[in-house]
Each structure stands twice: as structure tokens, then as C-alpha cells.
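So the sequences go chain by chain: A and B. If you're matching positions, the first sequence starts at 1 in the UniProt record's numbering and goes up one per residue. If you're matching positions, the second sequence starts at 1 in the UniProt record's numbering and goes up one per residue.
For the record, the hints were derived by calculation from the structure and aren't laboratory data. Computed from a prediction, not measured in an experiment: that's the story for all the values here. Built from N, CA and C at the ideal position, the CB exists for glycine as well. Among the clues, some could well be false.
As the list claims (entries may be wrong) - Derived coverage of chain A by chain B (criterion: at least 3 residues anywhere in the stretch with Cβ under 8 Å from a Cβ of chain B; other residues may be distant):
no., segment
1, 23-36
2, 48-59
Stated by the list, open to error - Residues from chain A that keep clear of chain B, each with C-beta distances beyond 10 Å, as calculated:
no., residue
3, D6
4, E41
5, V112
Number of protein chains: 2
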Amino acid sequence: MTVDVDFGDDGLVPAVAQDAETGEVLMLAYVSPEALERTRETGYAHYYSRSRDELWKKGGSSGHLQSIQEVRVDCDADTLLYLVDQEGGACHTGHRSCFYRTVDGDEVGEKVFDPETVYE
Amino acid sequence: MTVDVDFGDDGLVPAVAQDAETGEVLMLAYVSPEALERTRETGYAHYYSRSRDELWKKGGSSGHLQSIQEVRVDCDADTLLYLVDQEGGACHTGHRSCFYRTVDGDEVGEKVFDPETVYE
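Build out the structure end to end from the sequences listed, making use of the hints.
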């Protein structure tokens, strides 16, 4: 790895997941050094869950995996961009993207699965 | 504002800026309640600089303003997505996007201005 990612004081960087084909921004989650390593080794997006305090393979329980096309890093090397092929939907609410609402509360994103079926 | 944004313990949320037309992810920065208020009032992207510890109008010195088309919020209401029309380039390096490198160090993003001219 040529770029030395700056994981900062808490050992995590934010990672934006973007649909490699459509450009839709799907979600933001946090990544530890180990999560980045697993992402690069396996070709599937891994993150670090701050609430569960554990490494997390996206889609591990739902099947909604993110196949990695490219990992980019920003100018300060403290944020990642995962370009992915998203199976199903990225959001636990059933939406394709977690950004399915405007800040005014208007629903603008597409719902692609029923979370009660997937996470039962 | 209908959605109650969760600014967390440090009073900041990450905001992803995306080109509203091309879908390119331009940058990630942090937003305070006041920065969000100013963004909504003025129609131009405002952030909060953690290093300078101050409210910051994007493009205030460079002229590379971000005109806001829409502000979205994610499922947990702790991350924002700014859909913007970007003047010039988002990155202080002169690139259109701050994500101009792969994590392997390959330059993949377009350079659109000379930072020495803009920030002299």
C-alpha cells in the first residue's frame, strides 16, 4: 500500500461507499486498519462497528455484500472512498442508499427490499 | 427541519459533498449545527474546520464555492450528504475531487486548477 492512511487518535477513518456503476452514494461507515486490510484481501467491503466494537463484513448477515472495485483515499489520507458493486440495498431500512431522505424529511431514495424478510 | 440530526458528543457530523450533476464524490468534511444552519440559510456549503476550530465557508478564499442543490441525511441521522454545484475544484491540491488517488497511490482524478495561483 503506497498511501499511508492516517487512522488518527481513535484508529478509525470514515469510508464513503459509492455505487461504482451509478455513482449513488450508498452509506458512510468507519474503517479500522484491520478492516481495510480485510477489504483489500477479500475484495469485499469491511468496516468497524463503533457501537458493537467489532470488525464487520458488510452484508455478512443480510447477503447484501459490497464487492470492491477500487479503494480511494482523500488528499489528507484520513477518509476512504469505496467504489463498490452493491448487492441488494446498502441500508438496513431496505433502501438502496442510507441517504434516502432530505434533511426536510422528504423520502427521495428507492426502497429495494423488505427489512423484515431479510433480517428476521 | 424535520429530521433531527444527531451531532453526537463532539457536536459534529461528517458531510459528504457530491457533484449534483456528475455524481462525483468531491470531499468529506465536518459540520456543526451552526454550519448546517448557515448552509441552509445561504445555499452555499459551510463546514466546521476541526484544525482551525472555526466555521468555514467552502470556497471563501479560493472562490471555489459549492452551491447547494439538496441536503440529505442518512438512516441514523448522523451523516449528511451535500449535493452541490462545485465551482472549479473541491481540493486544495487543484484536483476536482479530494479522492484523486487510489490507496495504491495511482492518480486517477482530474486536476482542474493550479493551487499556487489560487492560494498565493
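Comparing the hints with the structure gives:
no. : hint  : result
1   : 23-36 : holds (count 6)
2   : 48-59 : violated (count 0)
3   : D6    : holds, 12 Å
4   : E41   : holds, 13 Å
5   : V112  : holds, 14 Å
In this structure, only the earlier hint numbered 2 is contradicted, and the remaining ones agree with it.
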